[in-house]
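> Now for the letters of each chain:
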Amino acid sequence: MGIEIIKAKCTGCGLCLNECPVEAIRLVEGCAAIDEDVCTLCTACVSVCPYHAIRFEMPHMETPDLSAYQGVWVFAEQCRGSLHRVSFELLGEGRKLADARDTFLAAVLFGDGVTSLADELIARGADRVYLLDDPKVADFRDDLYGTALAALAAQQKPEIILAGATPVGRAFIPRVAAELRTGLTADCTELHIDAAGHLAQTRPAFGGNIMATIVTRRHRPQMATVRYKVMREAEAQAGRSGEVIAVSVPERSLVSRVKVVESIVREGIGVNLVDADIIVSGGGGLGNPENFALIQDLADALGGAVGATRSAVDKGWIDYANQIGQTGKTVCPKLYVAVGISGAIQHIVGMKTSEKLLAINRDPHAPIFRLADYGLVGDLFDILPKLTADIRRLRAAGRNPAEAFTS
Amino acid sequence: MDIIVCIKQVPDTTDVKINPQTNTLVRDGVRSIINPFDLYAIEEGLRLREAHGGRVTVLTMGPPQARVALEEAIAMGADDAVLISDRAFAGSDTLATSYALARAIIHHGAFDLILTGKQASDGDTAQVGPGIAVHLLLPQAAFVRRVQEVGPRHVVVERMTECGHDIVRLPLPCLLSVVKEISTPRYTSFMGKVRAKRSNIPVWSAVDIGCDLQRLGLEGSPTWVDRIFTPPMRQGSEPLVATEANIAHIAQSLQQELKELWASK
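Chain order of the listed sequences is A and B.
Note that the first sequence covers residues 9 to 415 in the working numbering.
Note that the second sequence covers residues 803 to 1067 in the working numbering.
There's no promise every hint is true.
Pulled a few chain A residues facing chain B out of the computed Cβ check, cut under 7 Å [stated by the list, open to error]:
(1) Pro29
(2) Ser55
(3) Ala186
(4) Thr190
(5) His227
(6) Glu270
(7) Val273
(8) Asp285
(9) Gly383
Simulated from the structure, these hints should not be mistaken for laboratory data.
Glycine is no exception: its CB is placed at the ideal position from the N, C-alpha and C atoms.
Excised from the complex, chain A in its bound form (with noise of 0.2 Å):
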């Protein structure tokens, strides 16, 4: 095994114990000691230890020959015939990718009638757009996505490919992955070309508890999802030209026995709460599910979308759909307001990377508080009403300055 403990350096602070995810290390008369039974490799002690306590070596293995990879891929999502935003972010960051590696810039569209987007994803940095525009691909089918885009990967050697960590990316890209057999890093927030040209691929792990970066170093290509609203969007240039490349895949990478039936599209609120830039929550602290209204009337106000906590969505009062944290939706939106949400470890692993934070809370201890760039101490229903006219007229005077002066 790759891991030991230099027992000389060992001061048993037992700061890596502590940094165990699986708590592999125990003291032992005075020294760290790893379970090897039930350490994963990790590596999570290594960085922590201050006296460089703790030896890792990889195993030395030969890299092979990955110059025949070029290009920077982004997968570009679309639905019903329309892009999806992730797409432009992922431009964004696939440009940057592809100047530091001085290659190309490949955007990959698959759908049924989909020839009219190219020109979009050419504007905003695409140099190729590798175009799937046939009705087998109409419906999203993992399967069918999936060995597509392995076909086309297999055939041109891309050396990094980018997708949207969506419920559409995050359920076939892993799928082209395997096939490849090649690395995959999943629901990135940042990602960097590294001193040896490999692409740092940064995530949170464990509950968002720990960033790690990862990379593929002998396997090409080099594939992440991203996380969305998270990189910035690369935006549109006229004039900019691109190619076009119809490509052509194996028939039998699109044979699949899966049907998509119907899709339904959900009215109401909860609607693309992962897509809002603002988000108001409401937890046990509401009482009853009337008290919906508060939040959803603040939430129009601020032009946002409404959230939950999981207590209020066991208790009924509000769908699954709008629930965010652990067992919910991850949101990162700009403004995020937590309404009688008293901070639990569960909910805030979902909504910890939002821009700003406002807590309302009646309980000033309240551990939501400690993360709040805002904070309101009181009754909420005493607070939302007047917050929620504040910010009408606010928002009413900003559109037209006169009628600040008439309130």
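Fit chain B to the given chain A structure using the hints.
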């Protein structure tokens, strides 16, 4: 209907506390539990068995202690359990892990359906389920919230999408990864616990299940962890008492924060 449920033992994050001084996580004495998402998969497996007959076999890869998770699944009502455990698996990424689990499923024999939770709460990758499906040449549906219909050779399921859900028909055998909405996991029963303690849970090694050792562990894993670090915790500012003036002040601060966003809409 013979169902295999793949589960993972994970640290219980409800046990994790935040040290208020340093804002770092205190992991001491954290319990190990079945990944919460996998409980929904186990429950759905049990319900399908109750409706259509057959057996539910629970499979996990992990250290010898992962047996505890399998015992809990048996106590919930699973018929059989298998642990694959071997030092050769240490350091496996999602590709190597899905390969090992696929080998174990082949070794186990015929089945109709594989169920997994949508992702594990510690790694959050959601990559092992689809990986298993590819290694076994199976179709899949991810983020399934309901099994509508089960026929002798097909299932019809609802899978969640970003803006609603799709109704999807798949042939059997296939793999489904499920979300919380699909079921409410039952509690373990006393008789179940007794049965779990008495049950013989086989432990298979990498060689037992016919793994190519080069496809396991660090050697068989394309992704390597380069660096692990603790992200800077966000520092809150002191909350204000909700007087009318303070509410107005907060409203103005929000307006400043959102000015650009509002202007762009």
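> Does each hint fit the structure? Answer for all of them.
The hints, checked one at a time:
1. Pro29: holds (6 Å)
2. Ser55: Holds, because the Cβ-Cβ distance from Ser55(A) to chain B comes to roughly 5 Å (cut-off 7 Å).
3. Ala186: holds (4 Å)
4. Thr190: holds (5 Å)
5. His227: holds (4 Å)
6. Glu270: holds (4 Å)
7. Val273: holds (4 Å)
8. Asp285: holds (6 Å)
9. Gly383: holds (3 Å)
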